[in-house]
Amino acid sequence: MSNHKSYEKLHTWQLAMDLTEKSYRLTRDFPVEEKSGLSALIRRNIMTLPTRIAEAHHAPSTQASIVILKNAQATLLEFETTLLLCRRMKLLTNWSTRRLRKRAQHLSELIENEIDYLLPENEAAEKTHIQSKAS
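Numbering (this note's numbering) for the sequence shown: 1 to 135.
I should point out that these hints are in silico values taken from the structure, not numbers from a laboratory.
Nothing here was measured: the structure is a model prediction, and the numbers come from that model.
Treat the hints with caution; some may be incorrect.
Under the rule of at most 27 Å between Cα atoms (straight-line distance), these lysine-lysine pairs were calculated in the DSSO-like manner [said to hold, decoys possible]: (1) Lys22 <-> Lys70; (2) Lys9 <-> Lys70; (3) Lys22 <-> Lys102; (4) Lys90 <-> Lys22; (5) Lys70 <-> Lys90; (6) Lys35 <-> Lys22; (7) Lys90 <-> Lys9; (8) Lys9 <-> Lys22; (9) Lys102 <-> Lys9; (10) Lys102 <-> Lys35; (11) Lys102 <-> Lys90.
Turn these sequences into a full structure, and let the hints guide you.
Take a look at the structure:
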């Protein structure tokens, strides 16, 4: 596709790296008993995000890129769910949870735009039709 480091210039990759860094910093303050629990889950989960975006950028086909990007979106949903659990358990404040979820949702929207761009025209039109019926 392109040179090997070009994924570092992708806006989505940069945002994913920022979200990963913020998540790592935030989980530093989790109680010791959560270091191998929720903290490890958040870190392991979110770390795959920039990796998947880079992988999608260098995938061997458009279809492979789409599959990888959809997996990245699934990662974001898992991340958000884990954040909500952390908030319920009082490991995160409402403010921190909202802030991270907002970033995750924004990133998911950008990934969705990338998927739409990669989809063949007829699939993109069909997807738009299905979404408008659901509204």
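Going down the list of hints, with the structure as the test:
As the CA atoms of Lys22 and Lys70 are separated by approximately 23 Å, the hinted pair is consistent with the 27 Å bound. Taking the CA atoms of Lys9 and Lys70, the gap is near 20 Å; set against the 27 Å cutoff, the hint holds. Taking the CA atoms of Lys22 and Lys102, the gap is near 13 Å; set against the 27 Å cutoff, the hint holds. Proposed proximity of Lys90 and Lys22 is supported: the alpha carbons are some 18 Å apart, at most 27 Å.
For the hint pairing Lys70 with Lys90, the CA-to-CA distance comes to about 30 Å; that exceeds 27 Å, so the pair is violated. The straight-line distance between the Cα atoms of Lys35 and Lys22 is roughly 16 Å, inside the 27 Å bound, and the hint therefore holds. For the hint linking Lys90 to Lys9, the alpha-carbon distance of about 36 Å lies beyond 27 Å, and the restraint is violated. A C-alpha spacing of about 19 Å is found between Lys9 and Lys22, which places the hinted pair at or below 27 Å, so the restraint holds.
For the given pair, Lys102 sits about 22 Å from Lys9 by alpha-carbon distance, which is consistent with the 27 Å threshold. This hinted pair checks out: Lys102 and Lys35 have alpha carbons roughly 24 Å apart, not beyond 27 Å. For the given pair, Lys102 sits about 19 Å from Lys90 by alpha-carbon distance, which is consistent with the 27 Å threshold.
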